[in-house]
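Now for the letters of each chain:
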Amino acid sequence: MVRTLLVRGLLLGLVAGLIAGAFAFAVGEPRVESAIALEEAAAAPAGHADHDHDHDHGAVVSRPVQKAGLFLATGLYGLAVGGIFALVYAGLRGRVGPRSEGGLGLAAAGVAFVAVILVPFMKYPANPPAVGDPETITGRTLLYVVMVLVGLAATAIAVATARQVGAGPWARWAAAVAAFLVPVVAAWLLLPTVDEVPEGFPATLLWEFRLASLGTQLVFWAAFGALFGWACDRAARVPKAAPVAAA
Amino acid sequence: MSGLSTPSTLPLPRLRPWLLLGVPVLLLVAYLVLMDNGAVSQAGTYLHELMHDGRHLLGVPCH
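Residue numbers (numbering that gives the first Met the number 0), protein chains in the order written: chain R, 0 to 246; chain Z, 0 to 62.
Bound-form chain R, shown alone:
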């Protein structure tokens, strides 16, 4: 049973990752290109500055290959995330959340999007190339991971709180939302802000890139939640017919 769920999560995660990759390619790539063009224009006057992160000529990977690598990245991301999701889902089934398979799949994907994507995004939004100091990548990555963990911990706290409050759905939902928001808002306020947008970087391009990036994750989680929920729902109906066939 766990194996079936895991395989389902891996495969559907891969599919959702490729769908998200198609969205990112269509909507996001033009913004990446614009940002790289700006980066190179900014680097040019300094006379081929020995940038250790050259995005084009002489780079480790050429731009066309990077564009193809986009699908590899979103596909592998989907595979890994889908597998982890399926294993967590296996533990949640029948313990928390909606009782129907499809409902639980969708609800869990929605919660995962909010906790793991939206919460970190609000504090450390995605940046296009040319935004972000290479020197601070390790620190920024760490802060980002901390924000992901805060989102997950806040979700666990919210679920535990909701289970404690038995006074009707309104009180339960209010308690859960409050229990989620308190740690999240505290982390938003307490963790250091990262602002490395170079002076003169077009605000519109930054905004459009960030929307495209958030959209990529939204497409992934919507596609994955729908596919996974649908597949689980479908599988849940089959066993009812199986004993007849086996008899």
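In case anyone wonders, no lab produced these hints; they're calculated from the structure. Every value quoted in this text rests on a predicted model; they were computed, and no experiment measured them. Backbone N, C-alpha and C define an ideal beta-carbon position, used for all residues, glycine too. Treat the hints with care, as some may be off.
Unchecked claim - To give an idea of the chain R side of the interface with chain Z (calculated C-beta under 10 Å), a few residues: (1) Leu-9; (2) Ala-67; (3) Leu-142; (4) Trp-229.
Given chain R, work out where chain Z should sit, using these hints.
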């Protein structure tokens, strides 16, 4: 909705080996896609550049 079966709860002892083995392996894959900057492996730099656009558009920190 009554046609949908209530999901059966999987006993934790049966789930534990899967979680202990599967989650770390899958997290490592996610780490290599999203976070590695050559810290773990020399191939890390190559992976980073290969999946560069994906990283930016998936929203994780990048250069």
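Against the structure, the hints come out as follows:
no.	hint	result
1	Leu-9	holds (8 Å)
2	Ala-67	holds (9 Å)
3	Leu-142	holds (8 Å)
4	Trp-229	violated (12 Å)
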